[in-house]
Each structure stands twice: as C-alpha cells, then as structure tokens.
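Q: Residue numbers (my numbering), protein chains in the order written: chain L, 1 to 485; chain Z, 1 to 95.
Calculated from the structure, these hints are not laboratory results. Misleading hints may appear alongside valid ones.
Listed below are the simulated PhoX-like cross-link pairs for lysine-lysine, each with C-alpha atoms no more than 20 Å apart in a straight line [unchecked claim]:
no.: 1; chain 1: L; residue 1: Lys-392; chain 2: L; residue 2: Lys-263
no.: 2; chain 1: L; residue 1: Lys-332; chain 2: Z; residue 2: Lys-78
no.: 3; chain 1: Z; residue 1: Lys-10; chain 2: L; residue 2: Lys-332
no.: 4; chain 1: Z; residue 1: Lys-78; chain 2: L; residue 2: Lys-86
no.: 5; chain 1: Z; residue 1: Lys-78; chain 2: L; residue 2: Lys-92
no.: 6; chain 1: L; residue 1: Lys-280; chain 2: L; residue 2: Lys-86
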Amino acid sequence: MYHTKTLAELSRLLQKRETSSVELTRAFLDRISTHDKTLNSFITVTADQALAQAKHADAMIQRGEAGALTGLPMAHKDIFCTLDVKTSCGSKMLDNFISPYNATVVEKLAAAGMVMLGKTNMDEFAMGSSNETSFYGAVKNPWKISAVPGGSSGGSAAAVAARLAPIATGTDTGGSIRQPAALCNLTGLKPTYGRVSRYGMIAFASSLDQAGPMAQNAEDCAMMLNAISGFDERDSTSLDKPVPDYGADLNRDIKGLKIGLPKEFFGDGMAPGVREVINKAIEQYRSMGAEIIEISLPNSHLSVPVYYVVAPAECSSNLSRFDGVRFGYRCKDPQDLQDLYKRSRGEGFGAEVKRRIMIGTYALSAGYYDAYYVKAQQLRRMISDDFENAFKQVDVIMGPTAPDTAFNIGEKTSDPVAMYLSDIYTIAVNLAGLPGMSIPAGFSNNMPVGLQLIGNYFDEARLLNVAHQYQLATDWHKQIPEKFI
Amino acid sequence: MSLGPDEVKKIAHLARLAIDDKDVEGYARNLSNILDLFTQMNTIDTTGVAPMAHSQDVSQRLREDVVSEHSQRERFQKIAPQTENGLYLVPKVIE
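Just chain Z, same shape as in the assembly (with noise of 0.2 Å):
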C-alpha cells in the first residue's frame, strides 16, 4: 500500500494540518512504510472475532444530574490567545 503526494496532502487537510510542499514526499514515504507494517495484520483470519475496543468490560457509569463544576471562565481564557468580553475570538465565520 502507497500513498502519493495528493492523498497526502488530502490526509492532511482532513486532519487539519498544514505540511510544506517540501515535505509532502517525505511523508508519502514514512506513511507508506507504516502501512505495508499493516498488511501483516492480513495474514490472520479474524471472521466472527468482536472487535474490542477497551480492556475492561465495563459500561459508562451515571451520575445525579447536579451541577458538579463552578464557572472559571476567567481562569480558562488567562491563557487563551485572544478573548474579548469573555468570548474567545477567531478570525471572522461569516461575511
């Protein structure tokens, strides 16, 4: 399995990433490595196995729907990179 240059950089936008052309090739080439490391897994017939996802069987536990956290807005955006009246501000969505 290789990926070229386009569906890198298709990869990258979906994950929202910025790469430099330069580097496109570079991870063409380290993306394809560790796929092919993936084709072993192909080597083993899985039909009927439950796919597992966590190491304990265990269920999502519930609580008593109360407030369990206090407001700390001013705390939080001290270290956002731009706020303004408590709102956090990015460039602007909608024309």
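The shape of chain L in the complex, shown without the other chains (with noise of 0.2 Å):
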C-alpha cells in the first residue's frame, strides 16, 4: 500500500531498504493504468524511461549516494520540457513537440534521483481554472467524477488526489497550482516570483508565472521546493538569493503568530459552506496561540480585471512564437505566409487560448494601451502596495483559496467572465509576486475546502511552518477519496 504514504514516509522506507524505486515505480505505474481510465489525469506515461531512472536510482542507494528524493515517483505537470518526450501543454499546438531540452526543474528533480512517471493533463498553455480547456479532454475531480479538478495544474491535483502519484510539479500564474489544490485535497505552493527557475516552463504570463509543488502535506511540499529552488542564469527574471533547508522550521512553535484576515476575502462571494470551514481552521489557528488581526486589501477586488489585462497582454506576445514555422502544428497546404501563420494558429489554438490572445492583442493596440495595460499596470502597483502595508503588521494572511468547492464539468464553460472568477481570492498574489498555499482545512458537502496562506517575499519556510503546523493538529490532509484508496 505504498500509495498511501506520503513522500516524507516512501522516503524513509528507501533509505532503510525496504522498498526499492523499481518497486514503487511499479505500484504507482500500475495505479495509473488501473485509475487514469476514470480521470484522464496523464497525458503522456513514460513508463519505460520511469523504470530505467528507478535503476539508476536504485544503484546509487546501493552506493550509498542517496538524497531524500532519490527513488521516489512523481509527475510533471505538462508545461514543463521534457527531453525526448512529448510536452504538450495540452494544446494541439503542441501535440506533436518532442521537447529536444529540459526545463530547469525537470532537470534538477532528475539530478536529485526522482522518477518521472509521466506528464500530466492541464488547461491548454495553463489557461484556465477547471482544466476544461485541455485539448486532451477534461480531467475528473478524484472526490466526484462529474466535477472538474480546478485547473490549471488539474491533471497533478486529481493524480496526486488519487494517490497515481506520490507529488507532483504545477504552475501558477493566477491560482493554478493553489485552486486545483484547494478542489482536490491538496497541499500546494506557489513560490515567490523569481524563486523557482522558469527556464523550460512553456511561458504564459512570464511576469507571473511560477512552479510549485503539488503534494499531500506541508512536509512534503518542503522536499520539492528544496530542489527546485535557486538561481538560474538561464532564467533572466531568476533571483540570486540563497536558498535556505526550507524543511527545518516545520516544527517551529507558532505561538505568537500575527495572521491578517483581510475583510475584503471574507464578503459576499464566498459561499457559506466554504466560510464555515474557513473560519474553523482560523479558530484552530486562534487556539494554537495565533494572534488574529483584521486587515485590509483595500484594491484586492480590481485583481480580476487587472489580472485579465496584464496576462493576456503578455500570452499575446509569449504565443506569438507559435507560428507553424520551427516547431508545433502547421495548417495542411498553405496558400502563402500569411495563410501558414493564420490558419495553423487558428487550427493549432483552442477558443479560451484565442479568446486570451484576442484580448491581449486588443489591449496593447494603439489607442488602448494607455487605457487598458498602462491602467492596469498602475494598479497592479496599489495592489501590490496593499500586502506591502498588510506585512508591516502581519506575518502571513489567510483566507479562502477559492470562493466555492469544485462546480461540475460544464457548468462555467459558456461564460468565460464567471470562471475567471474562480481565481478572485489567488490572483492578486500573482500580481505581487508574493509566496502563497493552500492547504485542507476542511469540507463541505464532501468536497474540499482550501485555506489560503500568502507570505511575505521569499517567506517559504514560515508558510511551511504555518501549515505543517495545523496538519499536526487537524487530519483532513490525510482525507483520501474514497475510490482511491
């Protein structure tokens, strides 16, 4: 039953030998071809390269070589390049790239002796919230098969929600890794802006996206972050700062801890199931000797609108590069150049992916630019602003990772306006550049809840303290569907 420990836990039975990689690669790839029928989770399962690294990470346990990650599973999400494999982004666009490089995080996961077991499933170039925008089909909510997994890192959460992996990589530009993780159960983390290396990591908002892990607690969330943080020079928007054992103050007491609440995520939108629960785990925090303050975001509302500006602006231009010319899908028989651009991107693109370069093209167009991006730019800065006078008298905010539980598949996929407001509470640390979690506080209607951390810059290691601290006290972390377990 390896598939219902954590990595912390599969990591101590290899350092003691009692299991080996090859063995646990084995159960988890026979998981996903018992499972991934039902939840459409992978895109692509590289069993053959996943054993041949378990070898090789078997021999260097033998030699005694061995790191904390060496021999355990994992799946990346499909974003990231992935030599001589196809990544996809889970678009038709790409549906034929074999990547000829590695991303940075593929790399150093690799380099630290993980097994890659495949490439999961994601709302077309990450654009999305219910991971409905994948051209490889819709991803199952593990918890309920006609609900959608949030998104867009929605193949890691339902993989790693039914246990087809121990962890998992996604990305975030406006709550991909922490809504999905909120929908399913999990334990996710954005990093600060810069912390992780985007080199390799197929670019939608580049001025916001950032990897994370996808995993079943706090504890383990700190072994990934441990190896894919740190400077990259391939990486020009990379942060030379040292990274520090973000596994060594879990244990750390919170008593004392200033948690802000800004009244601004706790009005209107949330529906009352989820507010329930949320405050629950916030009096879970009061009694564990947290001091609760009321703050405010006073510009947090405008994210939405300042989000839907600044990342289409920036997929507008990022895609461009997809032109049927060096790489990706092109249109059969065109006519001229012309002709090549426009029909291989009409044919390669899905209609969210168009919608968002239409948007983006419109904003930075003469006689918008002023009024859309530049405004927007402005109050990207008041809102960022705002956590910068919130972390002068906190030491993390909370509040509700995501205004509802997972809706159903297509519920939300007529309206773009009302899916976009599935991130309204994730966004603005995006927008700040800020660390944030989610975490299990809870559930209702037996589906999940997640409780959102946001920290200060390159404030990991507290967010990790914080949650590790609540998953001593409470057990819905440790809450598996119950088909999976």
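Build the complex from these two chains, which are given one at a time in their own frames, with help from the hints.
A: As structure tokens, this is what we get:
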C-alpha cells in the first residue's frame, strides 16, 4: 500500500532499504493504468523511462549516494519541457512536440534522483481554472467524477489526490497550483516570483508564472521546494538569493504568530459552506496561540480585471512564437505565408487561448494601450502596495483559496467571466509576486475546501511551518477519496 | 464597451488567427463581456502611480560575450514541420 504513504514516508522506506525505487515505480505505474481511464489526469505515461530512472536510483541508493528524493516517483505538469518526451502544454499546437531539452525544474529533480512517471493533463497553455480547455479532454475530480479538479494544474491535482503519484509539479500564474489543490484536498505552494527557474517552462504570462509542488502535506512540499529552488542564469528573472532548508523550520512553535484576515476576502463572494470551514480553520490557529488581526487590502477587488489585462497581454506576445514554422502544428496546404500563420494558429489553438490572445492584442493595440495596459499596471502597483502595508502588521495572511468547492464539468464553460472569478482570491498574490499556499481545511457537502496562506517575499519557510503545525493538529490533509483508497 | 464583428475580425487579423465566420459572433460577445469587466478599473484614480511591470525591482543581468550554446541544428530541425538542406521551409514569399 505504497500509495497511502506520503513522500517523506516513502523516502524513509527507501533509505531503510525496505523497498526499492523500481518496486515503488511499478506500484504507481500500476495505479495509473488501473485508475487513469476514469480520471484522464495524464497526457503521457513514461513507463520505460521511469523504470530506467528507478534502476539508476536504486544503484545510487546501493552506493550510498542517495539524497532525500532519490528513487521517489513523481509527475510533471505537461508545461515543463522534457528531453525526448512529448511536451504538449495541453494543446493541439504542441501535440507533435518532442522537446529537444529539459526545463531546469525537470533537470534538478532528475539530478536529485526522482523518477518521472509521466506528464499530467492541464488547461491549454495553462489558461483555465477547470482543466476543461485541454486538447486532451477534461480531467475528473477524484472526489466526484462529475466535477472539475480545478485548473490549470488539474491533472497534477487529480493524480496526487487519487494517489497515482505521491507528488507532482504545477505552475501558478493566477492560482493554477492553489485553486486545484483546494478543490482536490492537496497542499500546494506557489513560491515567490523568481524563486524557481522558469527556464523550459512554457511561458503564458512571464511576469506572473511560477512553478511549485503539489503534494499531500507541507513536509512533502518542503522536500520538493528544496530541490527546485535557486538561481538559474538561463532565466533572466531568476533571483540570486540563498536557498534555506525549507524543512528546517517545520516544527517551530507558532505561538504569537500574527495572522491577518483581509476583510475583502470574507465578503459576499464566498459560499456559506466554505466560510464555515475557513472560520473553523482560523479558530484552530487561534487555539494554537496565533493572534488574529483584521486587515484590509483595499484594491484587491480589482485583481481580476487587472489580471485579465496583464496576463492576456503577455500571453499574446509569448504565444506569437507558435507560428507553424519551426516546431508544432502546421496547417495543410498553406497558400502563402500569411495563410500559414493564420490557419496554423487558428487550427492549433483552442477557443480560450484564442480569446486571450485577442484580448491581449486589443489591450496592447494603438489607442487602447494607456486605457487598458498602463492602467492595469498602475493598479497592479496599488494592489502590491496593499500587501506591503499589510505585512508591516502581520506575519501571514489567510483566507479562502477559492470562493466555492469544485463545480461540475460544463457548468461554467459558456461564460468565461464566471470562470475567471474562480481565481478571485488567488490572483492578487501573483500580481504582487508573493508566495502563497493552499492547505486542506475541511469539507463542505463532502467536497474539499482549501485555506489560503499568503506570505511575505521569500517567506516560504514560514508558510510551510504554519501549514505543518496545522497539519500536526488536524487530519484533513490525510483524507483520500473513497474510490482511490 | 462592446466589440462588433468587424472589430473582432480586425483583432484576429492583427493576432494572425484564422477564425471561422460562424464563431465571430460568439467571440464578439465573450470579448465584450471581458472588456466590460475592465471598466471596473476606471473606478480608481491612478494619477501619478508608476506602472508596475514586474514584482521584483531588478535590472537585466549582463554576462561575458562568449559562446554559451553549441549548434544543435539537426536536433531542432528534427521536430520542424518542413526543412530542406538545413533550412526551414515556408511558402514562397517573393515572386
């Protein structure tokens, strides 16, 4: 029953030689082949490569060269370039794309000895909050098959929630790690912008994108974050700051911790069942000795419009590289160069990606640039300043991760704006570039609810500490959906 | 703010996206709703606020001007839609 164990527990089993990497890898590959027909959480399963990596890891363990992650299986969101393995980004555009290189995150986890089981499903180019925009079809929520797992890292979320992989990578541009983690009862962490290299992570909105772990608990998140963090000269926005041991502070007492609750996050937008769970979680922290302080983020209600100007503007520029010339999809029988560009892109991209490219193109076009793009960037600074002021008063900020539990597949597909509002509590964190987490906090109508923790810049160790202390006192994060026990 | 079919076609052209005529109306509706969302931004006076492009106040790093990548043309062209003699092929541009 390896799948019911956390990454840290599996690591101890390997170190004590009570199992081998090959045995673990086979066990998880078996679970994928049994359960993924139901969930559709993987786009590509790399069984042969995984077993080869596992044998290599076992040899490292035999030689006494193993680190904490050596031999442990994991899955990568299909947004990370993986050498000689299909890297689709959930799009028809890249359905035939075999990456000629590895992303830095992939390289680092492989060097740590982790075993890649495969590549997980996602919203097309990470644009979505439900995993329904994937070219490879919707992913199902293991807690309720008719519901979405959230997005855009929905495949990673479903795979870990159903224990088809002990841990997975995700990326978060406006909530794409935290929101699916909340909807699937996982612990997910979006690091400070610049903490983890974006090299080889297919770009959506470059000033917002950040990679992070999606795991069963804070301890497992810390293990992966230790391996993926750090300066990378190949990413021009990577920050050259020392990487602490994220596991070192987990057991620190949180007595006297100052928790800020932004009143804007507790307004009418939140479902009553979610509010009840969040309030209980805050009470739990109070009983553990934390001080609860009401704060205000007065401009946070503008995060959604600001984000939907900034992110599409950056996406329209980033996605101009997909032109049918050097790699990816090319239309049949192009009449001329213009026709080749237009039809390759028109046929290769799905509807939501096209919508965002058009919104971005419009917002950046002559005559609208000041009214939309510059205005949004000014508001971005105001939203960011609100956080700066709040962190003069408090150590962490808490609130809901998402306004409601997982909605049903198809429920919001016809109304993009309704879908965008699923990220109302997560987006401001990306605009400011702060680290954020979602941790399991309970259930409403048998569906998981996530508590969001927001930290100051480079305060990931504190977030993990605050999450871990809660997880020592509660067992929400240990709940596994019945069908997948 | 609402966009008509002609504006949608113009934006699609600027973005080099072929879209079906039957989809133009749907895009016009969706894009107009998104633009409506943007009008909320006008409720706040931002006079004198410096635009923020990026969360970290850092400048572009420089490095020595030395060769850092080696040629991988064959590897890269293996995944290209159409190549010949080491060149990427596109439809004829100059008559």
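Q: Run every hint past the structure and note whether it holds.
A: Checked hints:
no.	hint	verdict
1	L:Lys-392 with L:Lys-263	17 Å, holds
2	L:Lys-332 with Z:Lys-78	19 Å, holds
3	Z:Lys-10 with L:Lys-332	24 Å, violated
4	Z:Lys-78 with L:Lys-86	13 Å, holds
5	Z:Lys-78 with L:Lys-92	19 Å, holds
6	L:Lys-280 with L:Lys-86	44 Å, violated
Hints 3, 6, counting from the list given before, are not met by this structure.
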